[in-house]
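**Student:** Chain by chain, the residues:
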Amino acid sequence: MTTLRLRRPSTIPIEADTICPDHFTGRSQAEIEALPAFYGRRKVMLGDLFTVQGEGSADILIEGDLSHVKKVGQRMSQGRITVHGDVGLHLGAYMRGGEIVVEGSAGDWVGAHMQGGRIWIKGDAGHLIGSAYRGEKRGMNRGVIVVEGNAGQEVGAQMRRGLIVVMGHVGPFAGARMIAGSIFVFGGLAARAGAGMKRGSIVAFGDCAQLLPTFRYDCRFSPTYLRFYLLRLREWGLRIADEYLDGSYHRHHGDMTALGKGEILSYASSPGSLPLQN
Amino acid sequence: MRIDGVEIEDTFAEAFKMRAARLIITAVNPGWALTAAQIATGFATSVIACGCEAGLERVIPADETPDGRPGVSVLVFTMGRKGLEDQLMRRVGQCVMTCPTTACFNGLQSEEKLKIGGTLRYFGDGFQISKLLQGRRFWRIPVMEGEFLVEESFGIQRAIGGGNFLLLGESPEVTLEASERAVEAMTEVEGIVLPFPGGIVRSGSKTMSKYKFLRAATNTAYCPTIRRQTESALPEGVNSVLEIVIDGLDEEAIEEAMRVGIQTACIPGIVRISAGNYGGTLGQFHFHLHQILTPG
Numbered sequence: 081m082t083t084l085r086l087r088r089p090s091t092i093p094i095e096a097d098t099i100c101p102d103h104f105t106g107r108s109q110a111e112i113e114a115l116p117a118f119y120g121r122r123k124v125m126l127g128d129l130f131t132v133q134g135e136g137s138a139d140i141l142i143e144g145d146l147s148h149v150k151k152v153g154q155r156m157s158q159g160r161i162t163v164h165g166d167v168g169l170h171l172g173a174y175m176r177g178g179e180i181v182v183e184g185s186a187g188d189w190v191g192a193h194m195q196g197g198r199i200w201i202k203g204d205a206g207h208l209i210g211s212a213y214r215g216e217k218r219g220m221n222r223g224v225i226v227v228e229g230n231a232g233q234e235v236g237a238q239m240r241r242g243l244i245v246v247m248g249h250v251g252p253f254a255g256a257r258m259i260a261g262s263i264f265v266f267g268g269l270a271a272r273a274g275a276g277m278k279r280g281s282i283v284a285f286g287d288c289a290q291l292l293p294t295f296r297y298d299c300r301f302s303p304t305y306l307r308f309y310l311l312r313l314r315e316w317g318l319r320i321a322d323e324y325l326d327g328s329y330h331r332h333h334g335d336m337t338a339l340g341k342g343e344i345l346s347y348a349s350s351p352g353s354l355p356l357q358n
Numbered sequence: 085m086r087i088d089g090v091e092i093e094d095t096f097a098e099a100f101k102m103r104a105a106r107l108i109i110t111a112v113n114p115g116w117a118l119t120a121a122q123i124a125t126g127f128a129t130s131v132i133a134c135g136c137e138a139g140l141e142r143v144i145p146a147d148e149t150p151d152g153r154p155g156v157s158v159l160v161f162t163m164g165r166k167g168l169e170d171q172l173m174r175r176v177g178q179c180v181m182t183c184p185t186t187a188c189f190n191g192l193q194s195e196e197k198l199k200i201g202g203t204l205r206y207f208g209d210g211f212q213i214s215k216l217l218q219g220r221r222f223w224r225i226p227v228m229e230g231e232f233l234v235e236e237s238f239g240i241q242r243a244i245g246g247g248n249f250l251l252l253g254e255s256p257e258v259t260l261e262a263s264e265r266a267v268e269a270m271t272e273v274e275g276i277v278l279p280f281p282g283g284i285v286r287s288g289s290k291t292m293s294k295y296k297f298l299r300a301a302t303n304t305a306y307c308p309t310i311r312r313q314t315e316s317a318l319p320e321g322v323n324s325v326l327e328i329v330i331d332g333l334d335e336e337a338i339e340e341a342m343r344v345g346i347q348t349a350c351i352p353g354i355v356r357i358s359a360g361n362y363g364g365t366l367g368q369f370h371f372h373l374h375q376i377l378t379p380g
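Protein chains in written order, with the working numbering: chain D, 81 to 358; chain P, 85 to 380.
The following block holds chain D by itself, in its conformation from the complex (with noise of 0.2 Å):
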């Protein structure tokens, strides 16, 4: 294992995508040192930033306060980096594979152009997680992004493939001209979710606010594939109640101003699930 200590805590912004296990990985801890940095727009090494412990390792472990810390795992396509505190933005854009785990909270654009891996924040998340960033057209492409407590607005924006799991509330706009993939979220669905939305799916366990009205009501069934999801989130440590694998849920599809192929599902027995409307 690899272990970066922050040496000091910092508000000037830090840019360390080299802090990812395809740049360490079969690195002597002098290399690792040399890779380059950006603190502010200066440029400097790792080394100056961090004490480095250890040789190079597809294992890495980070420890202070990185909220000022962005674009850590990077492109990572392997091994794993555990984050003992908060990370700042773009963790883990463009991820191909591996895990991140960050023990405390993430800053906003978690797992933008995610392409596979995994990411899972212990703490509360950031705007656009998941999200294509301004400009592009797809956002995450296949993985896996958790959130056990709170997430930003704009949630899932763009994504093409994967999930996104958010054990608390979500802001508005999730799923935001979603293609396709799923976004389940366990606390509150905000207004205006899947806005624009072409395909895929958005499942809210707990209330959900008024759909937009692009969205129409279909019918109240238990979709089987949810009861799959939910038991891998089960096997992976997340507490799922029995009644979610059981209930049913209230499908609406849209949004009917773009292809009209999506879904919102919520769960027909939570205290603010959607009624029979539009």
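Since the hints were derived computationally from the structure, they do not count as laboratory data. Computed from a predicted model, the values in this text were never measured in an experiment. Watch out, some of these pointers could steer you wrong.
Distance ranges between label pairs, derived from CB positions [said to hold, decoys possible]:
id : chain 1 : residue 1 : chain 2 : residue 2 : range
1  : D       : Pro252    : P       : Arg221    : 28 to 38 Å
2  : P       : Met228    : D       : Pro252    : 34 to 44 Å
3  : D       : Gly106    : P       : Cys134    : 48 to 58 Å
4  : P       : Phe127    : D       : Arg214    : 53 to 63 Å
5  : P       : Met173    : D       : Arg300    : 30 to 40 Å
6  : P       : Asp147    : D       : Arg121    : 50 to 60 Å
7  : D       : Asp322    : P       : Gly208    : 21 to 31 Å
8  : D       : Arg214    : P       : Arg165    : 42 to 52 Å
9  : D       : Ser302    : P       : Pro281    : 33 to 43 Å
10 : P       : Pro308    : D       : Ser328    : 52 to 62 Å
11 : D       : Val181    : P       : Arg165    : 34 to 44 Å
12 : D       : Cys299    : P       : Arg165    : 35 to 45 Å
13 : P       : Glu148    : D       : Ser302    : 16 to 26 Å
Taking beta-carbon pairs under 10 Å as the criterion, some of the chain P residues facing chain D (in silico) [to be verified]:
id : residue
14 : Thr110
15 : Ala187
16 : Leu217
17 : Leu233
All C-beta atoms in this analysis are idealised placements derived from N, C-alpha and C, irrespective of residue type, glycine included.
On the provided structure of chain D, position chain P as indicated by the hints.
**Tutor:** Below, chain P without anything else, positioned relative to chain D:
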């Protein structure tokens, strides 16, 4: 060799290379899972006339199935890949998808795969929905009841068909009882199915006939009613013969099933245990009874 006084003939069962797939069929309760599995494996006793050989492998408790519902695993065998694809399409499409509450999952992890759900999805008429998780793709096909969930691809592997043994008994009653006991014991073995009715064959065949248009005919050497009119293989005192045919995923599974079955079938009234072969010239696998039953 004798087991509990029953003679074990020094002969072998001749078996053939096949291809196999495993379906995991789940449903809202064990009854519907079993119904779907029984229908999907119906008319699948012999590959020659039925297109495939298939049977129930085991009942799977809910906590072991992919969707946490009661399930049944089914094995389907054909002579080749193309035939297997055709049979799986027909049987999943016509027997599993049509059955209330069912879902169908792949039960074999293999490099070689057949696209089954990926083709059946077109039944959804454009409203089918794909779901991809951890490399497994599923299709949600809208049906009148709700949704049919089917996995896109099913793994296939090399397998063996035609393992067998014959029970030669003093009476039809005791021969049937011994066969039933053997089948019950053999169903505990994983990786095999017994494709015939109740696992038992009463009309074993030979690969020739006096009629030019017929490839196979009744196994005259083992028919007690014509023993004096043919070159009979039946010893004195034998008045009924039943056969148990075994298809399996590998040699070990078939050997284990034959061992368990033969040992259980050796009850008073059974005169001899034999096996069916074609002189060793047709099948690639030979299961010698004495070798299988010799400990170690």
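**Student:** If a hint holds in the structure, say so; if it does not, say that too.
**Tutor:** So, going through the hints one by one against the coordinates:
1. Take Pro252 (chain D) and Arg221 (chain P): their Cβ atoms lie about 31 Å apart, and the range 28 to 38 Å holds.
2. Separation of Met228 (chain P) from Pro252 (chain D) is about 36 Å and conforms to the stated range, judged on CB atoms against 34 to 44 Å.
3. Taken as a hint, the range 48 to 58 Å holds for the pair Gly106 (chain D) and Cys134 (chain P), whose Cβ atoms sit roughly 57 Å apart.
4. Between Phe127 (chain P) and Arg214 (chain D) the Cβ separation comes to about 59 Å, which falls inside the hinted range of 53 to 63 Å.
5. Range check, Met173 (chain P) to Arg300 (chain D): Cβ separation about 32 Å, and the 30 to 40 Å hint holds.
6. A beta carbon spacing of about 56 Å between Asp147 (chain P) and Arg121 (chain D) agrees with the range 50 to 60 Å that was offered as a hint.
7. Hint check: Asp322 (chain D) to Gly208 (chain P), Cβ distance near 30 Å, so the stated range 21 to 31 Å holds.
8. Remark: the range hint 42 to 52 Å for Arg214 (chain D) to Arg165 (chain P) is upheld by a beta-carbon distance near 48 Å.
9. Restraint check, Ser302 (chain D) to Pro281 (chain P): a C-beta distance of roughly 36 Å satisfies the suggested window 33 to 43 Å.
10. A hinted range of 52 to 62 Å holds for the C-beta pair Pro308 (chain P) and Ser328 (chain D), which are about 60 Å apart.
11. Between Val181 (chain D) and Arg165 (chain P), the C-beta spacing of about 42 Å keeps the proposed range 34 to 44 Å intact.
12. In this structure, Cys299 (chain D) and Arg165 (chain P) meet the distance hint of 35 to 45 Å, their C-beta atoms being roughly 39 Å apart.
13. Taking 16 to 26 Å as the suggested C-beta distance range, the pair Glu148 (chain P) and Ser302 (chain D) conforms, at roughly 20 Å.
14. With 10 Å as the threshold, the beta carbon of Thr110 (chain P) comes within range of chain D, its nearest partner Cβ sitting at about 8 Å, so the hint holds.
15. For Ala187 (chain P), the interface hint holds, since its Cβ comes within 10 Å of a Cβ in chain D; the closest pair sits about 5 Å apart.
16. For Leu217 (chain P), the interface hint holds, since its Cβ comes within 10 Å of a Cβ in chain D; the closest pair sits about 6 Å apart.
17. A hinted interface residue such as Leu233 (chain P) counts as satisfied when its beta carbon comes closer than 10 Å to some beta carbon of chain D; here the least separation is about 4 Å, so the hint holds.
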